[in-house]
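K.L.:
Sequence:
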Amino acid sequence: MPSSPPPEQRPVLSLADERERVIQQLSDHFANDRLSLEELETRMELAYKASSSADLQRLTADLPSVAAAPVPAPLPAEELAAMAPDRERLVSVMSETRRRGAWIVPQRLDLIALMSDTTIDLTQAALPTGIIDIHVRSICAAVKIVVPPGIQVVSRLSSLMSSVRGGGEPNVGGGEEWKTGTVVRLSGWVLMAEVQTKVRHRERSSEE
88 MPSSPPPEQR PVLSLADERE RVIQQLSDHF ANDRLSLEEL ETRMELAYKA
138 SSSADLQRLT ADLPSVAAAP VPAPLPAEEL AAMAPDRERL VSVMSETRRR
188 GAWIVPQRLD LIALMSDTTI DLTQAALPTG IIDIHVRSIC AAVKIVVPPG
238 IQVVSRLSSL MSSVRGGGEP NVGGGEEWKT GTVVRLSGWV LMAEVQTKVR
288 HRERSSEE
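In short: position in the sequence shown from 1, add 87, done, that's our numbering.
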């Protein structure tokens, strides 16, 4: 009787790769409100101290699996604005995060940046009218917020050993009213980090 084939061997991740995978899982759970900020910090600290794969696996054993979100098809800006959520959270932990292009800007965006480089670009986004609250909690990170001309930016950020630049950009031409009914209001706190607000003007045609 022929012997059964040997079981398929799965690739073995290195401890560093396993640690990176677990940290990403913890960040995803935090973004989905399954972990508090304190729980995230505690488990991440344990992940860096872990000396075996078993130690790392225990950090996510009590958490459900996070399914990957499907990529939505592009929609016109008007439809995107109508679908704008009231609140959204963006988490960037030891990574480079870019939110740009045609995307839906919520009325309130909670931005958490930890030892990362994050850019929020509103120039091509669907913007709701009224006040857009961007609540920032940034530690040892660089955050850049790019807005189109005519958007007023009001900063209420508290900072410690940090650099906070930009905000309150006037409309081109001087003396004119704001082009839109949208105001970006920054709040929160910045610790040993950098927050910069920029206005990106539309490119002029070669005939001008």
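Treat the hints with care, as some may be off.
[Stated by the list, open to error] Restricting the straight-line Cα-Cα distance to at most 20 Å, the calculated cross-link-like pairs of lysine to aspartate or glutamate (EDC-like) are:
| no. | residue 1 | residue 2 |
| --- | --- | --- |
| 1 | K136 | D104 |
| 2 | K231 | E281 |
| 3 | K285 | E126 |
| 4 | K231 | D197 |
| 5 | K285 | D208 |
| 6 | K136 | E107 |
| 7 | K231 | D208 |
| 8 | K136 | E126 |
| 9 | K136 | E105 |
| 10 | K285 | D173 |
| 11 | K231 | D204 |
| 12 | K231 | E183 |
| 13 | K136 | D120 |
| 14 | K231 | E126 |
| 15 | K231 | D220 |
| 16 | K231 | E175 |
Hints are computed from structural coordinates only; laboratory data are not their basis.
Remember, it's a predicted structure, so these values are computed and weren't measured experimentally.
K.L.:
All the hints need checking, so say for each whether the structure fits it.
P.N.:
Hints and how they fare:
no.: 1; hint: K136 <-> D104; in the structure: 14 Å, holds
no.: 2; hint: K231 <-> E281; in the structure: 8 Å, holds
no.: 3; hint: K285 <-> E126; in the structure: 34 Å, violated
no.: 4; hint: K231 <-> D197; in the structure: 14 Å, holds
no.: 5; hint: K285 <-> D208; in the structure: 9 Å, holds
no.: 6; hint: K136 <-> E107; in the structure: 13 Å, holds
no.: 7; hint: K231 <-> D208; in the structure: 8 Å, holds
no.: 8; hint: K136 <-> E126; in the structure: 15 Å, holds
no.: 9; hint: K136 <-> E105; in the structure: 13 Å, holds
no.: 10; hint: K285 <-> D173; in the structure: 24 Å, violated
no.: 11; hint: K231 <-> D204; in the structure: 8 Å, holds
no.: 12; hint: K231 <-> E183; in the structure: 12 Å, holds
no.: 13; hint: K136 <-> D120; in the structure: 24 Å, violated
no.: 14; hint: K231 <-> E126; in the structure: 27 Å, violated
no.: 15; hint: K231 <-> D220; in the structure: 15 Å, holds
no.: 16; hint: K231 <-> E175; in the structure: 18 Å, holds
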